[in-house]
Amino acid sequence: MSFVRFARAALVTIALVAALALTLVSPAAAQPSPTVVLVHGAFADTTSWDPVAAELRGRGYTVVVPDNPLRGPGYDAAAVEKALAGISGPVVLVGHSYGGAVISNTHNPNVKALVYVAAFAPAQGEPVQLGLDPIRFPGSQLLPPVLQVKVVDDAHAIGGRNLDGYIAADAFHRVFAPDVSDATAATMLAHQRSIALWANLEPSGPTSWSNTPSWSLIPTGDNIIPPASQRFMSGRIGAHTTEISASHAVLVSQPGAVADVIDTAAGS
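Sequential numbering of the sequence shown, starting at 1, is according to the numbering used here.
If you are wondering where the hints come from, they were derived from the structure by calculation, not from laboratory data.
A couple of the hints might just be wrong.
Simulated crosslink set (SDA-like; lysine to any residue; CA at most 25 Å straight-line) [to be verified]: (1) LYS112 - ARG136; (2) LYS112 - THR264; (3) LYS112 - VAL63; (4) LYS112 - GLY86.
Based on the provided sequences and hints, a complete structural model is requested.
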């Protein structure tokens with residue numbers, strides 16, 4: 001009986017030591033969750049990401065939403081890279097709309113995945129406007145009178161002035177975000193920011209998607225970037241692609257679905 005008691009005690013001791021070892025080792029061995037960086041597009045500001053950011057934070061992610069100046073892919077990518085430089089550990093970099101052109105021009109070794117949400121993914125030397133080519137990709141409603149232009153103060157432009165584009169107030173809900181409520185569309189309109197027309201014409205630089213795994217979420221009801229254009233760009237970059245019945249404002253109308261794609265990219 002004494003031998004049996006001794007054996008049982010030994011087994012209990014071994015189990016306790018093993019459990020303690022797991023407790024001490026597992027946290028150190030576990031890979032940290034990546035920080036998710038969300039880059040907004042044209043005709044919007046950082047608040048456009050609020051629903052997705054809330055969803056991701058609820059899932060335990062650290063989320064950073066830098067300002068996108070909307071001046072041109074090179075300038076804007078440099079602004080985003082400043083935010084990336086302050087983040088230690090892996091990053092999932094996400095771009096909506098024109099923000100896709102911006103993340104395509106960033107180059108930070110911590111970025112482990114790119115996610116394109118209703119976004120442009122231009123090739124090197126290619127302007128964003130080519131993704132709206134009405135011959136190859138008909139369907140965009142981003143044309144006058146929906147698209148309006150105005151002269152704005154711009155310290156970075158020659159002479160301190162620039163020509164910007166924006167969506168007319170009476171077309172914003174119908175064209176940009178038809179699947180959100182009137183109240184939500186009104187809030188989005190109040191936060192609309194214009195984009196330099198040059199931003200659509202500036203040739204893209206060397207692309208980050210050439211050596212970074214990519215994911216793409218394509219809303220089939222997009223009135224801004226035709227779904228056919230998004231499919232072409234997504235296929236060209238070899239992105240893991242998901243399609244969803246939504247508008248260009250899918251990040252506002254269906255934040256859970258957007259967060260799901262980001263979650264998949266983060267866990268890859």
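How the hints compare with the structure:
no.: 1; hint: LYS112 - ARG136; in the structure: violated, 32 Å
no.: 2; hint: LYS112 - THR264; in the structure: holds, 12 Å
no.: 3; hint: LYS112 - VAL63; in the structure: holds, 15 Å
no.: 4; hint: LYS112 - GLY86; in the structure: holds, 16 Å
The structure shown violates just one earlier hint, number 1.
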